[in-house]
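Those sequence lines, one after another, are chains C and Y. Per this note's numbering, the first sequence starts with residue 156, numbered consecutively. Per this note's numbering, the second sequence starts with residue 12, numbered consecutively.
Mixed in with the good hints there might be a few duds.
Mimicking PhoX-like on lysine-lysine, the simulated pairs with C-alpha atoms at most 25 angstroms apart in a straight line are [unchecked claim]:
1) Y:K20 <-> C:K249
2) C:K223 <-> C:K211
3) C:K211 <-> C:K249
4) Y:K20 <-> C:K211
5) C:K226 <-> C:K211
6) C:K226 <-> C:K249
In short, the hints are calculated from the structure, not lab data.
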Amino acid sequence: GESVGLHLPTLSVQEGDNSIINCAYSNSASDYFIWYKQESGKGPQFIIDIRSNMDKRQGQRVTVLLNKTVKHLSLQIAATQPGDSAVYFCAEKKNTGNQFYFGTGTSLTVIP
Amino acid sequence: DSGVTQTPKHLITATGQRVTLRCSPRSGDLSVYWYQQSLDQGLQFLIQYYNGEERAKGNILERFSAQQFPDLHSELNLSSLELGDSALYFCASSVGGGRAEDTQYFGPGTRLTVL
Chain C
156 GESVGLHLPT
166 LSVQEGDNSI
176 INCAYSNSAS
186 DYFIWYKQES
196 GKGPQFIIDI
206 RSNMDKRQGQ
216 RVTVLLNKTV
226 KHLSLQIAAT
236 QPGDSAVYFC
246 AEKKNTGNQF
256 YFGTGTSLTV
266 IP
Chain Y
12 DSGVTQTPKH
22 LITATGQRVT
32 LRCSPRSGDL
42 SVYWYQQSLD
52 QGLQFLIQYY
62 NGEERAKGNI
72 LERFSAQQFP
82 DLHSELNLSS
92 LELGDSALYF
102 CASSVGGGRA
112 EDTQYFGPGT
122 RLTVL
């Protein structure tokens, strides 16, 4: 079955540094990917998405990179702030299906 | 605030009992999705409804059921509860029926504790 996993369960970065959160996926048929941020006690919040026909997409302070050759997705956060501390999930979906498959999440801690 | 509301926020019940969780989607959204999030686990997709009809089913137990009403709110019914059902239950909604770029917006969740 589909498998979405994360390389690191926890990540600590200094405030102001850039953060990189990685995600591996196993289903080569997946063609849509999303990063969600989940703060303690809250529901997941959409951050950024990317389709499989792209290899990079930028948002405000965030960039998602997609490497289909090695089935790897990453989320880059520039100038990380304390408010970025949260659990980050990647999720994948096939265009033919409705189901998102989520990874277990990476916990990002920003050190002031 | 995503615009998706869920009630109750917390629910404590005993094994063997039955509970109902409620979700109201964002205004204009036709799809509702239910997810279970256990401790240290990712989000597990349970079921999706689109405009009142079941659209997709994930790892939903037979003891669980859901429905979407004409006003598009949805309820998730959990019966014969077991200790292992203790989890966060999230509802999400989207505009369409789940095509690739149909972003899902999540509610704040219901924390279910089964004692």
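Here's how the hints hold up against the structure:
no.: 1; hint: Y:K20 <-> C:K249; in the structure: violated (32 angstroms)
no.: 2; hint: C:K223 <-> C:K211; in the structure: holds (11 angstroms)
no.: 3; hint: C:K211 <-> C:K249; in the structure: holds (19 angstroms)
no.: 4; hint: Y:K20 <-> C:K211; in the structure: violated (37 angstroms)
no.: 5; hint: C:K226 <-> C:K211; in the structure: holds (14 angstroms)
no.: 6; hint: C:K226 <-> C:K249; in the structure: holds (14 angstroms)
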